[in-house]
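Novice: Each chain is listed here by its residues.
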Amino acid sequence: MTEPFLIGDNMTGGYGRGPDILHNCTIAVNPGEIAVIVGPNGAGKSTAMKATFGMLNVRSGSVRLDGEDITNLSPQERVIKGMGFVPQVRNIFPSMTVEENLEMGAYIRTDDFRSTIEQIYDLFPILRDKRNQAAGELSGGQRQQVAVGRALMTQPKVLLLDEPTAGVSPVVMDELFDRIIEVSRTGIPILMVEQNAKQALEIADRAYVLVQGANAHTGTGKELLADPEVRRSFLGG
Amino acid sequence: MDFLNALVNITNLLIIPATTYGAQLALGALGVTLIYSILRFSNFAHGDTMAFGTIVTIGITSVFQSWGISLGPLPTALLALPFAVVVTAALLVGTDFAVYRFYRAKRAVPIIFVMASLGVMLMMNGFVRFLAGVKNISFADGERFIIKARDFKEMTGLAEPLGLRTTQVLTVVVAVIIVAWLFWFLNKTRTGKSMRAFSDNEDLALLSGINPNRVVIVTWVIVALLTTTAGVLYGLDKGYQPYVYFQLLLPTFAAAIVGGLGNPLGAIVGGFVVSFSEVMITHVWKKVLTYLMPENLEPSSLMQLMSTEYKFAVSFAILVIVLLFKPTGLFKGQSV
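If you're matching them up, the sequences are chains D and R in order.
FYI, the numbering for the first sequence is 1 to 237, going by UniProt numbering.
FYI, the numbering for the second sequence is 1 to 336, going by UniProt numbering.
To be clear, the hints were calculated from the coordinates, so they are not data collected in a lab.
Among the hints, erroneous ones may be present.
What the hints assert, rightly or not - What the simulated footprint calls covered on chain R by chain D, stretch by stretch (three residues with Cβ under 8 angstroms from a Cβ of chain D suffice, anywhere in the stretch; the number is not a length):
1) 190-197
2) 207-216
What the hints assert, rightly or not - BS3-like mimics (lysine-lysine), calculated; alpha carbons at most 25 angstroms apart, straight line:
3) R:Lys287 with R:Lys153
4) R:Lys188 with D:Lys130
5) R:Lys286 with R:Lys153
6) R:Lys238 with R:Lys135
7) D:Lys157 with D:Lys81
8) D:Lys130 with R:Lys332
To be verified - Computed beta-carbon distance windows for the label pairs:
9) D:Pro125 with R:Pro82: 42 to 52 angstroms
10) D:Ser169 with R:Met123: 53 to 63 angstroms
11) R:Ala90 with D:Gly32: 52 to 62 angstroms
12) R:Pro294 with D:Pro94: 52 to 62 angstroms
13) R:Ala317 with D:Pro94: 24 to 34 angstroms
14) D:Glu229 with R:Ala105: 44 to 54 angstroms
The C-beta atom is built at its ideal place from N, Cα and C for all residues, glycine as well.
So here's chain D without its partners, still in its complex pose:
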């Protein structure tokens, strides 16, 4: 088996000097794929993703991006290496306009990024209409689009989304999932954490069920949806 594009391999660790939250946890994603991490509350879903992004102490195991070991890099350095991260909350600059949010996303780029902004407006047409409005005045779903758009401005090689549909209505949630599939079709591997396990598993090419910071089930989304044990314990029968 070839090495996945991004892999958090056998990670054990926690925040700062705190106790370990992850125990030999492995998550990975390949180009063109959507990988989702699901699991009960407090299972360490977000923590596992943050571990691949360098936001906690990985005491054993490693994180590799395109074959390169990035375990000891800071989050900022990983952004430069081509990782895009959308935090769950506080993921926009509320008093700045939509366009300024996108410009700030491209802060590390020294080349002309206007064409990237246009691509993002094509991907999220509502943002083009609201380009001069303060991002903090937008609806929840629109803010999430700003947040994803901001992360895409660096033209990342892999995109990490932390619960992109948290706190939005079911209709908006469906739309956001559609947009995420569209982003994935552009070839960017997407690793995301989701509360809405069912919908997430339906669009997942690769899915991880975590329990207490360890891998409980792994497979394609469809396999896990069909797995009676996963159904019984996480999807309500």
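For this one, chain D is given, so just place chain R on it according to the hints.
Specialist: Below, chain R without anything else, positioned relative to chain D:
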């Protein structure tokens, strides 16, 4: 005629001084608001930073004067100002390296920064007095008046005089230029936008690759520009005295809080709210009322709501009222 006389009295003793004072406060409050929104603390050393910037300007001005350099009708201090800004910026960045950076690395809570700034304030206070003493220094030179009170009376034939000093016009002009530049900088340049981003959401700014140290240094340099200019304009207008600069801290903070801490537009509006309230409440209304009221209703007292010695009570009252009823200020700002 009576109406015109009343108008001239109000313009001469209320509108012109309050506008000048308001512009000085606005520059000071902009600095307070910038530090609050980007470095996230209330800087108590602000008034003494103004004093420092001013004495450096005074020093450089006297050097220029001894070399025979002058700006003709304009005060020589204006030429010294850019150099003083550089020296003040060096002091502020140095202070940041020596004091605030340590607490930033520890991610200390804002109150610790405030207390540290209190210490910085006391040290700066002593340093400034060590350098320049406590005496009143007047350093305005060049043409003193644009409109002389006596000329105005002769020209118009009105009983009331109207004087317009060069420093008053200069204050407003310089303040407008600096504020316009600051807004352009914050809204249009990449560095300015990165500062707003840092103020909005520090973590996301770091994720976006914005260098926090650069943001901090640029902030201090801009604060040096704002404080030194505010201090020099105030000094040209009213003379330099270290105590007065220390006391300016209160109206400056009142201005920043009335407008909404963290909101630059609010700081400017707040400056004028405070200055006009202060001057209106300490203004002697007797003459105006004499001109405007029927003869038998002429007031016999001065018609002054509060004597000028108590003018700081006005800032205090404004502060208390705002914090009680509208803690976020007139414009959308953060509450303390």
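Novice: None of the hints should be skipped; say for each whether it holds.
Specialist: Results of checking the hints against the structure:
Counting residues of the segment 190-197 of chain R whose C-beta lies closer than 8 angstroms to any C-beta of chain D gives 5; at least three are required, and the coverage claim holds. Remark: the segment 207-216 of chain R is confirmed as covered by chain D, as 4 of its residues place a Cβ nearer than 8 angstroms to a Cβ of that chain, reaching the required three. The suggested pairing of R:Lys287 with R:Lys153 holds, with an alpha-carbon distance near 16 angstroms, which does not exceed 25 angstroms. With a C-alpha separation of about 19 angstroms, the suggested pair R:Lys188 and D:Lys130 falls inside the 25 angstroms cut-off, and the hint holds.
For the proposed pair R:Lys286 and R:Lys153, the alpha carbon gap of about 20 angstroms is at most 25 angstroms, so the pair holds. Of the supplied pair hints, the one linking R:Lys238 and R:Lys135 holds, its CA atoms being roughly 13 angstroms apart against a limit of 25 angstroms. Only pairs whose Cα atoms come within 25 angstroms are accepted, and D:Lys157 paired with D:Lys81 is accepted, the gap being roughly 8 angstroms. At most 25 angstroms may separate the alpha-carbon atoms for a hinted pair to count; D:Lys130 and R:Lys332 meet this at roughly 21 angstroms.
Restraint check, D:Pro125 to R:Pro82: a C-beta distance of roughly 48 angstroms satisfies the suggested window 42 to 52 angstroms. Taken as a hint, the range 53 to 63 angstroms holds for the pair D:Ser169 and R:Met123, whose Cβ atoms sit roughly 56 angstroms apart. For R:Ala90 and D:Gly32, the hinted distance range of 52 to 62 angstroms is satisfied, since their beta carbons lie about 54 angstroms from each other. Look at R:Pro294 against D:Pro94: about 57 angstroms separates their beta carbons, and that is inside 52 to 62 angstroms.
For the hinted restraint 24 to 34 angstroms between R:Ala317 and D:Pro94, the CB-CB distance of approximately 33 angstroms keeps it satisfied. Distance hint check for D:Glu229 and R:Ala105: the Cβ-Cβ separation is about 48 angstroms, which falls inside the suggested range of 44 to 54 angstroms.
Hint check: no violations occur; every hint is consistent with the structure.
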